[in-house]
Amino acid sequence: MSQAIVNLVYLISAVLFILGIKGLSHPRTAVRGNLMGATGMFIAVVVTLLDRHIVSFEVIIAGLVLGALFGTILATRVPMTGVPQLVAIFNGMDAGASMLVSGAALEEALSGGFFEEITVVFSIFAALAALIGTLSFSGSLIAFGKLQGFVVERPVLIGGRHVVNGLLLLVCLGLSVWLVVDPSTSLPFWLIVAVAGVLGVMLVLPIGGADMPVVIALLNAYSGLAAAGSGWVVSNNLLIITGSLVATSGFILTALMCKAMNRSLANVIFGGVGAAVATTREVEDIYAGRVKSASPEEVALLMESARRVVIVPGYGMAVSQAQYAIRDLVNLLEPRGVEVEFAIHPVAGRMPGHMNVLLAEANIPYEKLKEMEEINPSFAQTDVALVIGANDVVNPRARDADPSLPIAGMPIINVDQARSVVVIKRSLSPGFAGIPNPLFAADNALMLFGDAKDMVVALVAALREA
Amino acid sequence: MEAYIPALTIFALALFLGFEVITKVPPLLHTPLMSGSNAISGVSLVGTIVIAGQDLTTLTTVLGFVAVLMSTTCVVGGFMVTHRMLGMFRRKA
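Protein chains in written order, with our numbering: chain C, 1 to 466; chain A, 1 to 93.
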């Protein structure tokens, strides 16, 4: 098949990818958008299989069949709470594949194959794909490990890590220069792969669990850049277009997540936030004698007489799988004339949009899931704000300008403005930021101590009896 | 250098286009956006297929095979899990 036709089909694929993402602008069109993307990918693969350079199909077919099998198993088996891990692992594989394409293309060129000419630009992008691809690959594996609980979730702070990381990066840059200057060997390429692999591990280990939304988004951006880089190496426009789309998506999400925490990207990546814990004295000062504990029955009475209830879910909801019990709670309150909505903080959970997926899984209609900016003005007219497994995102101390606080200036959900606030939480232990939360000691706040799911189930039972 | 200008042009324009399209995705759908972009960034598959099929050296064949395997897993898994998630977003019954 002539290269012109192949490239035309690639153009159609690129258009389908763009329309696919465009479909995600609304839940109504999103399923169709995803199918358009899949169609674009399918025709791209089919037309590639007709490429005249292909002499042997066994290896390709084996890879395609096995990959499709693994992908299907992963996609159908993973529980919705495990989606962040799945995205991390896919990210890593994407980035790894982009690195391998560049490496193989380089080897191919050296042995006089299809890519006979090694230009300076070829070498530069091969080095780029090796660096970013491998870094993103090993970083994603660590992120996966942290999310899955294989790797310690709290930041692992190794002394002098900034110096070590700086040196590793310098070594990579030096090797890249070598690759560009001396195109007769692939050795520097594989050395970059080895060093960047260590760098990826070193960069993600010091980042704590609650900062994972930023890390996953950033790794996503890197895997896009690696794909675009490999697109240059194998001169394929489809790879360049798609890679840059994915990279923009990742960078936009990264920026949104950072903004939602009022922290710079540098602070998230290098700051090691989450390692500090508040002193007992500070905790005493805030909580002493002011925290009121309530029973599920008392809270049920409070909710039953309410006209408007806003539920604020956090990572604790995901951990205890409370979303189904919450759905039952909503289904009991609504027939009694209580208006129920959800307030979703952009960084609640372990990846962008995590809470929405979990609540949608529990059959809660998406119209009820409100963004922070949209719902915040309504708390003055809200009778009960129910906080389930969230902490830092409702901490009023974020409004202080005190820059020593890790959450200073972070936009929060204004639950403290509601008539009453009920917080379901195991204990008064601090959230990820390691600071106490004066909300728990506020006059209008009641604590419902216990596991998120158990407490919501108890609330549902109390409401049924009432 | 000359030969790379069109690719650079495409890259720059795609960045702007990506910005326009992706800023319109609501936070509600940010997780499907990530899994969906995972799926499409598996497009490196088209590069890996050509390399895996050339049967040039054992090394490139092995590298090609691993790359085809990884990107196919991402493509198939990414589109499927996105489809599964999107099916959960329902309006009021």
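None of these hints come from the bench; they were simulated from the model. Where hints are given, some of them may not hold.
[Claimed, not checked] Chain C side only, calculated, beta carbon under 8 angstroms to chain A, not exhaustive:
1. Met41
2. Ile43
3. Ala75
4. Pro79
5. Leu100
6. Val121
7. Asn236
8. Leu239
9. Gly243
10. Ile252
11. Ala255
12. Glu341
Values in this document were obtained by computation on a predicted structure and should not be read as measured data. In this text, a Cβ means the ideal position worked out from N, Cα and C, and glycines have one as well.
Taking the hints in turn, this is what the structure says about them:
With a least beta-carbon distance of about 6 angstroms to chain A, the hint placing Met41/C at the interface is held under the 8 angstroms criterion. Annotation: interface hint on Ile43/C violated; nearest CB of chain A at approximately 10 angstroms, more than 8 angstroms. Taken as an interface hint, Ala75/C checks out: its beta carbon lies about 4 angstroms from the nearest beta carbon of chain A, inside 8 angstroms. The criterion of a C-beta within 8 angstroms of any C-beta in chain A is not met by Pro79/C, whose closest approach is roughly 11 angstroms, and the hint is violated.
At about 4 angstroms, the closest approach between the beta carbon of Leu100/C and any beta carbon in chain A falls short of 8 angstroms, and the interface hint on this residue holds. Evaluation of the Val121/C hint against chain A yields a held restraint, the C-beta minimum of about 5 angstroms falling below 8 angstroms. The interface hint given for Asn236/C holds, since its Cβ lies 6 angstroms from the closest Cβ of chain A, which is under the 8 angstroms cut-off. A distance limit of 8 angstroms between C-beta atoms decides the matter here; for Leu239/C the minimum to chain A is near 6 angstroms, and the interface restraint holds.
Using the Cβ-Cβ criterion of 8 angstroms, the hint placing Gly243/C at the interface with chain A is satisfied: the shortest such distance is roughly 7 angstroms. Interface hint status for Ile252/C: upheld, as the beta-carbon distance to the closest one in chain A is roughly 5 angstroms, under 8 angstroms. Contact between Ala255/C and chain A, as hinted, is not supported at the beta carbon level, the nearest pair being about 10 angstroms apart and thus beyond 8 angstroms. At about 12 angstroms, the closest approach between the beta carbon of Glu341/C and any beta carbon in chain A exceeds 8 angstroms, and the interface hint on this residue is violated.
Of the hints listed earlier, those the structure fails to meet are numbers 2, 4, 11 and 12, in rising order.
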